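Undergrad: Sequence:
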Amino acid sequence: MFVRKALLCLSLQATFAAANPSAADQFKSPPRPPELNFAIGKLRWVRHYRLIPDASVTTSYVQQDIADLAAKGAGGFELLPFYAYGNPTDATPPTDWNTYGFGTEAFRNVFDIALQAAVDNSLLMDFSLGASQGQGTPAEAGTEGLSVHLQLGVMTVRSGSSIIASVPEPQNLTGTLLSGGGFMHGLTNAEKGNLKGVIAGRIIKESKSNSSAMTTKVTIDEDSIVDLSPYVNGLDLDWKVPAGNDTWKIFAFWEGFTNQVSCSGGINGTTTIQRGSLAVDHFSKAGAKLHTKFFDDHILTGEATKTNLRVNGRYAWEDSMELLLVLPWTRGFLERFESAHGYSLVKYLPLLFNKGNSWARTYTPYAEEYEYGAYTTDHVSIHNANYQQTLSECYQEYLDYHVEWAKSHGIEFSTQVSYNLPMSFLNEIPSVDGPEGESLGFEDILDAYRSLSGPAQLSGKSDISSEVGAVFQPAYSQTIPELLLSIKKSYAGGLTTMVIHGMAYSGPYVQTTWPGYQPFSYGTTDSWSRIQPAWRHMDDVLGYLGRNQHILKSGKPRIDLAIYQSNSAWTAACIYDSDNLQAKGYTYNFLGPQNLQLPAASASNGVLSPDGPSYKALIFLNNTQIDEEVLSKVREFDRAGLPVFFVGEVQPLPLSSRPNEPYNTSVLVEQLIAHGTNIHHVKRNYDLPAALAKARITPRVQFSSPNSSIFSIYRTETQSRNDYVWLFNNANATFSSAPSFQVGKDMVPFLLDAWTGDTRPIGQYSFSNTGMRIPVRLQPYETIIIGFRPLTGKRQSWVTHTSGAVKAVSYTVDGRLYASIKGPSRVRINNTTDRALDAVVPSPTSLKLWNLEIQDWKGDPNDTTSIGTQISTHKFENQFLRPWKSISPELENVSGIGTYTTNFTVPDIEDIGAYLSVGPIFNTLRVWVNGYLVGPFAADNAAVDISNYIRRGKTNIVKVEVSTTLYNRIRAEMNDTMCMGYPLSLMAPDYASAGSQPYGLMGPVFLDWVVNKILE
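For reference, each letter of the sequence shown is one residue, going -19 to -1, 1 to 997 in mature numbering (1 follows the signal peptide of the UniProt record, and there is no 0).
Everything labelled a hint here was simulated from the structure, so no lab data went into it. Just so you know, these numbers come straight off a predicted model, no measurement behind them. Hints are not guaranteed to be accurate.
Said to hold, decoys possible - Distance condition first, Cα-Cα at most 27 Å in a straight line; then the derived DSSO-like pairs of lysine-lysine:
1. K829 x K866
2. K940 x K839
3. K336 x K173
4. K856 x K866
5. K829 x K940
6. K274 x K287
7. K726 x K775
8. K328 x K189
9. K177 x K230
10. K266 x K173
To be verified - The following label-pair restraints were derived from C-beta to C-beta distances:
11. G163 x G587: 51 to 57 Å
12. R342 x E610: 22 to 28 Å
13. V821 x D841: 54 to 60 Å
14. T699 x V491: 53 to 59 Å
15. E319 x N226: 32 to 38 Å
16. T80 x N956: 29 to 35 Å
17. E834 x A975: 23 to 29 Å
18. N929 x V821: 37 to 43 Å
19. G934 x S827: 16 to 22 Å
Just so you know, even glycine gets a beta-carbon here, dropped at the ideal spot from N, CA and C.
Please build the complete structure, drawing on both the sequences and the hints.
TA: Okay, here's the thing in structure tokens:
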């Protein structure tokens, strides 16, 4: 009787047992982070973005939602009081926010109950530091610490004119700044503020911008600029314009509060809390103090709350910076700038009022933009760059205070660092405990993720998160494979923790029908909770994600290349505009100028950050900007033997704005290239792989032929000496190859199955000059994890080569090597012994006819106030696999759970086995064979070995359970579906224009028969 491999993972884990367990030892049920002092449970370190509409929610449902998360294996949740996204349209709140608004007693009660539920269910709780995105706090207008900006007043005058007039007041703002773009509160209440300076300059030329904003570019003669402060008395100007035949501009600069609302208050509120929240100053310690003091005074007031927070709190959190400002600013900015850069910024302030310094580089503040001064070839003024540097330093104070405040409560601080505003994204990432990105804003562009993970990994952070899953498409239309694909791309970019968007409150809410409260007006995905049919299988999904994250956080990262990103501002764009490095197997991420000044940014023995990512080379791309501090680090790296590559040219960025500075860094780089020991220069990105190979810099995972679809993540554990490699096929095509892994010949490979938690040794591999070759086959968008452990004792026999019809090579539970074959085959064992194998194997069996039972999920047609799900059943027999709506017209609008059953006969052949393939999976799926649950079954079209569950020579039963989204049902009932008093047909008209989704098991489903042959 052939003994198969079902329990092999247990024997492997036994060999791993140690006083200090490795990530592989804990793979089946990953523990909580060791710094958290409470019980280890079966928790997958995936967090959910937990949205509540306001503090009127029924708290028993809040408790149930949190318990549901724990039951499905989540690691924690993020409590976000949504308040209609801050209610940017100032619509009448659906409930009385004077009673249920942010910071009220009712809100504190919800916060305490949610935190206690986290304790009761052994979960971690993150929380937003304010209503909606957490960027404001209840405060009276004019309170120090609220958001400040700089506005511009402009007057046009002719040469020779005598100007006796008031200083020009701030210009009218554009409609977008006043409206907030429809998703933020606008600047309708911005104050004029205080006058900070007045200058004038002569116009050289004016021209219309080529951008869609249709702004006018005004070029000013820098040498003509006059400081008009001596001619200003109070707010009155008395000045004679120099003679000539020219036109001049007079500029006045006004510093004042934006008074931007971050969350509306209640109707006719009379107290500070009832009037809602205002955005805080994100560029000062004063803003951070105001932000956190409100929490101390109004939320974290009870001793039980503080204790629970220390035990089960994880992060105080803030969302991406959705703040409107004419020009981002703070009190004392001019003085701070002059101290840092050695000159006054006032002369150059007109340069700063441009689209590039607006929210997301999108909202031009005024109809005119100005230029003059020293420019780099990308038209960025050095003064603008210096402004952004100082602004980033001010933001740093804001972050630092939040980190210290969180530490005082025994938690940490997480935020989506700096992006949307003109600051050095990469430079600020190391400052926070938990840097976070998001799939929506980053658009799943891997270089955007690499810009986040590079500085985070260099600074030793393992928890690099993403708010993942939000897509601008109808709610309840996102599938689990779509969600997983976004998550896999986040992992491939170096992110390690997923905060899934989202889990909306599931209880009753005012003027809301089934399926319950939905944030973002049904226009954004998605609410993952028991409301969704897929929730039945969500523990499989969270288990898979948690195990991946467990490996992706283990040990230390190993990255092949560091690419310098001089423009360290956030961008959702491709930065390295070629796939030639990826195709060769090189891994890389990005580092900013200040990242190279971190303590970990040291080089020794030709490696950058040997105790961290262990980069093999540092690369400067074409037209990069480099200053003297970075250049000094490059010289240091060169002396330490680190290969440094310059591609193309270096931009001639002045070292400073001080007068009499004759040199620029491009000349110094040319000298370094000419005389450096380990400095290399290539003309184009195209030449880079060949130059790396010539310098003997090879990837840790190398492919025999170029393939740009396979991404790898490499981790090393120092104590156990285990290595782990995560592979992802980012293509809609199967990948088959035998990549080479840079590991020693004293290592033994094993496979870690993130879906099941099983670990088992790999039976086929060979050694090469560069390491170990392992054949892998990855289905479209599939991931696998390969581990390497030190050899202890004698190496088990293994297969080095196969030919013919070999399906797989593995080991039995007692460690015997075997091959699964489909016909005549040959194998080479231990690279010394050849074996010929043969067997008569039946052709694959197609499973075509199925019995089908469908659970139809819908609301109660007799009670529109109920949010409970009603389930009815549809049954069909002997059905071919096709979409439900093709089976019967009555299934056109059905959403729910489908259960398929059929029979098959196993041929009466000794040692027969089978692989089950179910075809593409629409949403989620579970499989039973003869009553035994197979899996969990991977949601990426993989074939699964069911040899342990089949009965030879007998009739066998297979059952397949699939889930759907709720989209088809909601689409059919959109005219009767309400949320907060608004009909779905009004909130999300896309439901009417889009077709229904194709639900069901589509197939083809077939059994691929094999015969298992013992080799030794």
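Undergrad: Against this structure, judge whether each hint is valid.
TA: These are the hints, each one checked on the structure:
1. Distance hint between K829 and K866 is fulfilled; the C-alpha atoms sit about 18 Å from each other, no more than 27 Å.
2. Taking the CA atoms of K940 and K839, the gap is about 24 Å. The hint holds against a cut of 27 Å.
3. The suggested pairing of K336 with K173 holds, with an alpha-carbon distance near 21 Å, which does not exceed 27 Å.
4. For the proposed pair K856 and K866, the alpha carbon gap of about 14 Å is at most 27 Å, so the pair holds.
5. Between K829 and K940 the CA atoms are separated by roughly 13 Å; this keeps the pair inside 27 Å, and the hint holds.
6. Under the criterion of a C-alpha separation no larger than 27 Å, the hint pairing K274 with K287 is consistent with the structure, at around 15 Å.
7. For the proposed pair K726 and K775, the alpha carbon gap of about 13 Å is at most 27 Å, so the pair holds.
8. Proposed proximity of K328 and K189 is supported: the alpha carbons are some 24 Å apart, at most 27 Å.
9. For the hint linking K177 to K230, the alpha-carbon distance of about 17 Å falls within 27 Å, and the restraint holds.
10. This hinted pair checks out: K266 and K173 have alpha carbons roughly 23 Å apart, not beyond 27 Å.
11. Checked against the hint of 51 to 57 Å, the pair G163 and G587 passes, with Cβ atoms roughly 53 Å apart.
12. Distance hint for R342 and E610: a CB-CB separation of about 26 Å, consistent with the stated range 22 to 28 Å.
13. One distance hint, 54 to 60 Å for the beta-carbon pair V821 and D841, holds here, with the actual separation near 58 Å.
14. In this structure the hint that T699 and V491 lie 53 to 59 Å apart at CB holds, the actual value being about 56 Å.
15. At about 35 Å, the CB distance of E319 to N226 agrees with the hint of 32 to 38 Å.
16. For T80 and N956, the Cβ-Cβ distance of about 32 Å falls inside the hinted range of 29 to 35 Å, so the restraint holds.
17. Separated by about 28 Å at the C-beta atoms, E834 and A975 satisfy the suggested range of 23 to 29 Å.
18. Look at N929 against V821: about 22 Å separates their beta carbons, and that is not inside 37 to 43 Å.
19. G934 and S827 have their C-beta atoms about 20 Å apart, which keeps the hinted 16 to 22 Å range intact.
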